[in-house]
Amino acid sequence: MSEHVSDSQLSMLIDGELSVAARAAVAAHIHSCPPCAERHDALIAVVSSLRLEPAAQWQAGATARLLGRLRRRGHDLALPIAAALAIAAAVLSTGHLVVIRAGFTLAHTALDTLATLAPGHLSVQPSATVAVLFAVAIVGPLLSLRLSKWR
Amino acid sequence: MNRRSILEAAAGTPRLDPVTRRLDQPTTRRATLDETVAVAKAQRGDEQAFAELVARYGQPILSICYASTLDAADAEDLAQDVFLAAWRGLRRFRGDSAFSTWLFALARNRCIDRSRRVAARPRLMYEREGDRELGTLTSPDDSGRRTAAAIFAAAAKLSLPLRQALLLRDVQGLSYEEIAELQAVPIGTVRSRIAAARAGVVAEVSE
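Here the protein sequences line up with chains A and B, keeping their order.
Reminder that position 143 of the first sequence reads as 146 in our numbering, one-by-one numbering, no gaps.
Reminder that position 199 of the second sequence reads as 1185 in our numbering, one-by-one numbering, no gaps.
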């Protein structure tokens, strides 16, 4: 054995990880070497104090709380998704009405209104309007999902 | 209470016989379970199946989280975050490794992320119950609590891997093999980490 026992040997001695022969050799050295005996005692003091501390225990209530959080996350997502889908359905329906020019005055009025609202009074194609609104209806729920994950 | 007397006070606590006494704290035990079926069900959104996995792995996950945070309340919050992340990411688990390997890696990464954001704030378990502040020494219990608090404060200064190994071994009572699995390192590395951590704590409280 070298002049002094290593921290690793002392640690393994405390944990009962040394072989019988190694344990005897280390113990014999400790008894005859005051500095190593002091290091050994200091380690024992630290380990003893730590082992008196109660261990953190996973309780059944923790599992129930976790499930509660899972379900709340699901509810948090459901409302914005449902709202976005409803809006998308309404927009698509309106878009179809606009496209199908079958004597619906409302559709023509909507088109005229959109045309006057557009910058420079450019004519607004109903298919382009539907495409833009459809894109918003798709991106909206995706953004909602992404933002929820960031919470 | 000077730091030197901390060790002297600790020496008065019940001593372990290093030759004859082995660690007898309960280590994590895993119930018999068809894990593959449970994981597959959980991937399809079965919350009850996921709850079974949580019940099985809650203790080791909480152990590594507590060994990282040194605070029981923070540890439970972190463990819950780990399981929530596991629930969200479960569909990406392809079964290339054991579910425990995947879950433990997730937990390690969360502990690392947290340690980068927040320094460990050691708070002993009994301090949560509104114990009186540690003031002047009035009873042997106070001496022990001061000692434990000083040791935890020293452990908080260790690097995360050393701190985890130390707490997992000496507080949570895990075996070297269990710690090696949680930290995904060889057993020899676990031994080295524990030895270095204990020596580091001794050096800190002896200054």
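Hint data in this document are derived by calculation from the structure and do not stem from the laboratory.
There may be inaccurate statements among the hints.
Just so you have them, the derived chain B footprint on chain A, three or more residues with Cβ under 8 Å [as the list claims (entries may be wrong)]:
| # | segment |
| --- | --- |
| 1 | 8-22 |
| 2 | 45-57 |
| 3 | 63-75 |
Here are some, though not all, of the chain B residues that point toward chain A, as calculated from beta-carbon distances under 10 Å [claimed, not checked]:
| # | residue |
| --- | --- |
| 4 | G1081 |
| 5 | A1084 |
| 6 | F1085 |
| 7 | L1146 |
| 8 | R1155 |
| 9 | G1159 |
| 10 | A1183 |
| 11 | S1192 |
All residues carry an ideal CB built from backbone N, CA and C; glycine is no exception.
- Of the hints stated earlier, which fail here? Hint check: 4, 5, 6, 7 fail, others pass.
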